[in-house]
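All chains should be modelled from the sequences, with the hints used to inform the complete structure.
Residue numbers (the numbering used here), protein chains in the order written: chain A, 291 to 717; chain B, 127 to 704.
Mixed in with the good hints there might be a few duds.
As the list claims (entries may be wrong) - Capping the alpha-carbon separation at 16 Å, the derived lysine to aspartate or glutamate pairs in EDC-like fashion look like this:
(1) Lys685/B / Asp495/A
(2) Lys685/B / Asp487/A
(3) Lys414/B / Glu400/B
(4) Lys491/A / Asp682/B
Derived by calculation from the structure, the hints in this document are not laboratory data.
Read off the chains here:
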Amino acid sequence: MKYDPACNSNAHLVSRRSMLGNMVAGAAGVGALGQLIHPLVAGEIEAKKKQVLIFLLNGGLSQFESFDPKPNTDTGGPFRSIPTSVPGTHFCELMPYTAQIADKLAVVRSMYAERVPGSHGGAREYVVTGRPPQQGPYPWIGPVYSKLLADNEDLPGNIHITPSRWGPRQDSAFLGPRHASLVLSGGKPPLNVDRPDLFNKELDDTRYRLRQIADQRFSQRRRTAHTEAYQSSYDQAAQLIRQKELFDVTKESEKDQLRYGSHDMGRHCLLARRLLQKGVTCVKVTHNNYDSHMENFNFHLEQLGEFDQPFATLMQDLEESGQLDHTLVMLVTEFGRTPVIQPDNGRDHYQDSWSVVLGGCGIQTGGVLGSTNDNGTEIVDRPVHVGEMFHTYLQAVGLDSTGTHVVGGNNVPIGAPERSAVKELLI
Amino acid sequence: MVFSPTTRSRVLIATAIVVTSMLSASSHAAEVPLHELIDQRIDASLAKQKLTAAAPASDAEFMRRVYLDLTGTIPDSKTARAFIEDVDVLKRTKLIDQLLASENYGTHMATVFDVMLMERRPDKYVTTPEWRTFLAESFGANKPLNVLVAEILGADGVDEKLRPAAKFYLDRAVAKDLLVRDIGRLFLGVDLQCAQCHDHPEIDDYLHQHYHGLSVFIAGSKTFKQPDGKFVLQEVVMREVEFASVFEPDKTNKTGPRLLDALMEVPEVKEGEEYVEKPSRTVRSVPKFSLRKLLSERLPSKDTPEFARSMANRLWAMLMGRGIVHPLDMHHSDNPPSHPELLNDLAVRLSATKYDVKAFLRELTLSNTYQRSSFIPEELDPESLPEDSFAVANMKGLSPEQLFDSLLVGTHASAVLEQQIDEALEEESAEVAAKAVEKPDADKPAPEEPDAEKIAEARRAKRAARVTEFVTMFGSVPGQPEGEFAASLPQALFLANSETLSGWVPAKLGNLTEQLTGLDDSTTIADELYLSVLSRMPEDDERTLVKEHLEAGKADRPKAVAALVWSLLASAEFRLNH
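Laid out in structure tokens, this is it:
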């Protein structure tokens with residue numbers, strides 16, 4: 291029997307398990323791992339004011355129906371392309387509002403990655419961790435920002451707005467649950483943020499105070515890694531309960547609610563604006579239903595019809611308020627879609643080339659990087675690997691992506707060490 | 127032809143790993159009880175490192191710990207008080223024996239081994255309740271651990287009695303690479319994943335041939351769907367696998383079945399006579415010589431010293447909060463055991479006692495090492511004290527199941543939980559009724575009155591759903607081992623405000639808050655409160671705190687008491703097994 295390895299990478303790096311294995315067995319007090327990851331190296335203090343807005347288009351946005359249209363070719367599909375605010379650059383006609391703010395964006399048309407196990411989940415993990423999933427789990431980029439930019443903040447450093455129910459997930463891997471995404475399912479406040487009827491405001495304070503007294507007593511002459519992490523989770527909870535209106539998008543003006551639209555994507559974008567204004571470091575907005583194996587064109591017509599206007603509105607608002615100067619915007623998807631159009635008008639998964647869009651802080655905007663051939667079957671100029679983008683996302687906000695997380699005395703490279711940032715995209 | 131076991135000889139006995147030679151060297155140890163031997167080894171290493179051991183744990187601290195470790199929950203207040211007040215000098219030993227004989231021991235060990243072996247994967251072909259019942263019966267009856275593991279590794283899912291044991295294979299869909307990795311990690315203490323494509327790049331002991339040698343045992347196995355729809359395992363004949371390093375793709379190697387360095391011989395069978403049932407689409411293929419059976423005989427046995435070593439290390443970690451080899455699946459020469467001789471002693475004793483788990487856990491819990499306080503002595507610096515010194519009891523986070531059960535015991539809220547379940551069931555049947563009115567289905571017969579068995583089943587399911595809430599919130603990611611203790615914001619919000627727990631705290635149906643509200647004297651209240659939640663008596667300053675708080679809150683006594691109850695439930699002292 292010929293052996294066929296399931297793991298198709300021959301450039302194995304650290305798996306979580308082998309990484310743990312390399313830890314010095316006697317590393318001092320391995321308790322909450324998060325507690326042990328040392329503060330960042332110098333030079334990143336300045337980066338602390340930076341914020342990040344991530345759009346994750348789940349399912350695999352078609353590059354043909356968005357940022358890399360190929361009208362009038364065998365692969366191009368029925369839609370036309372339209373000019374944008376950048377002379378010579380065209381988008382698909384499904385994105386008229388985004389086309390008007392193209393000058394605030396940098397479009398990468400030459401993204402690629404190797405195929406990895408796990409279909410959507412695996413490919414998504416590759417995009418947001420910069421590592422193939424079989425080497426992981428590595429922390430997703432949101433938790434990385436939370437760790438490196440918001441380690442000591444009272445507000446959660448990393449909030450995820452998602453249309454569907456999305457349970458708590460440990461997307462923070464070895465960075466610990468402190469940096470895991472706080473999930474706003476359906477754009478609603480986090481679970482359990484309302485205090486029970488029993489405890490009014492005053493009694494609520496009392497019970498937290500009594501709890502703290504008990505902990506202070508217990509933690510004297512005991513290992514503090516455990517007790518401190520526990521205490522800090524309650525501090526965060528108390529803070530959050532006090533600031534519940536942070537999640538209440540109806541507190542925004544009626545005019546703005548109209549401008550963004552009453553559908554979910556509109557509300558979620560407005561909520562994202564609100565969270566960024568209140569100082570949350572990293573906000574991720576998920577938009578679903580791009581997995582168009584059938585009826586690709588109808589799906590994109592509908593999904594981009596929802597996405598286009600609120601996205602462009604949010605970009606404009608961030609610029610007008612000056613926030614775009616210190617806020618990185620990323621628009622990512624797990625992979626692109628095939629040039630070949632199936633008989634039922636579907637496009638399948640495509641990892642040989644797709645598009646990613648950046649804007650805001652640290653980014654050279656108003657241009658296009660990389661290109662594909664006439665009918666979009668292959669990259670002809672400046673291929674950009676997902677691992678390179680991971681470095682780029684971090685360096686755009688002034689973080690040293692070539693540095694390391696220190697986990698229990700063991701150094702784990704922040705970005706894949708064999709990759710580096712895409713300099714052409716950075717200011 | 128039935129294969130004769132005598133021809134199964136071990137071709138290669140020399141092992142690169144030192145365990146074999148160490149096993150024979152320590153026979154003198156057999157004279158000393160294991161718990162004394164443990165203390166000798168640990169004390170000697172503490173003396174060498176110039177570390178002071180912590181004082182013995184108080185009765186209350188010991189009691190809470192051993193209850194959690196052996197039965198998965200804290201004791202109720204009456205039991206706690208009785209133990210603390212008991213003057214019998216042998217009471218700790220008696221408690222250990224009592225807990226090991228209790229029903230809760232079996233169910234707790236079933237949870238521990240389910241989580242260890244299945245790592246919270248979703249059910250596929252064998253349900254968690256079936257599997258846990260099988261494990262609970264096995265541990266309750268003190269089935270030798272090698273026998274249990276042999277049942278798991280030899281299972282085909284056909285025999286009804288042993289079908290749950292097949293969960294290990296079936297619920298991993300008999301996926302070879304996953305199984306090779308997990309058999310290595312869980313039963314041998316080695317994670318061979320990185321040796322899949324080449325010799326391990328960083329760990330010299332893990333070889334490419336180890337991975338593939340192990341894979342031979344299961345390479346021929348896959349699922350088979352029986353005519354009754356049940357999935358079972360089938361096997362085709364396999365003798366060896368070919369493999370090539372990704373660095374030298376042209377150089378093909380071969381190996382037969384091997385457990386690390388021990389290569390096993392596969393008997394020659396005449397061509398055309400290999401099968402009891404030949405492979406076909408309709409019949410489950412059964413070879414005359416089963417490699418899975420060979421694995422189940424040879425892995426959990428003296429032939430494979432890594433088995434006893436790995437199991438001893440896992441059981442030690444369960445009680446001591448850290449493996450002697452740590453992480454538990456990273457046994458290799460660059461990550462040596464913190465106490466190699468002790469690990470050897472433990473492995474030798476485990477196999478010498480025929481893998482008697484109760485006897486083993488009894489010895490561990492009897493040791494001074496286990497019975498130390500988690501309170502760090504003045505002479506030691508808490509920040510620099512290594513966890514693997516075992517100078518101080520290591521604190522462990524309560525597992526989701528331990529947390530659920532302990533919160534329920536601590537709040538005396540069983541009746542409230544029953545009511546929550548009633549309400550959920552009523553709500554559900556109201557919904558069904560409403561739907562039936564809305565959309566009457568003429569073809570569907572009127573629902574039968576549910577019988578007692580169905581009601582009980584529905585109640586069990588509702589209770590399980592509450593536990594699942596805790597598992598989702600506090601457990602590890604499916605497919606990953608439980609990690610170290612960590613705390614998060616959603617967890618704190620859950621403990622502060624979730625419907626489940628905030629139902630248990632307010633005065634209701636004879637729960638703790640209601641009981642305490644009915645008491646007059648604040649000292650009595652404080653004593654009962656601390657015994658119920660923290661399994662110990664309060665200190666004087668804590669009694670004072672309770673008194674002052676009740677004074678201040680006398681306008682609404684039940685609420686003031688509820689705040690006190692919650693504050694202790696949410697304390698680190700409760701959340702941790704210390």
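We went through each hint and held it up to the structure:
no.	hint	result
1	Lys685/B / Asp495/A	holds, 13 Å
2	Lys685/B / Asp487/A	holds, 11 Å
3	Lys414/B / Glu400/B	holds, 6 Å
4	Lys491/A / Asp682/B	holds, 15 Å
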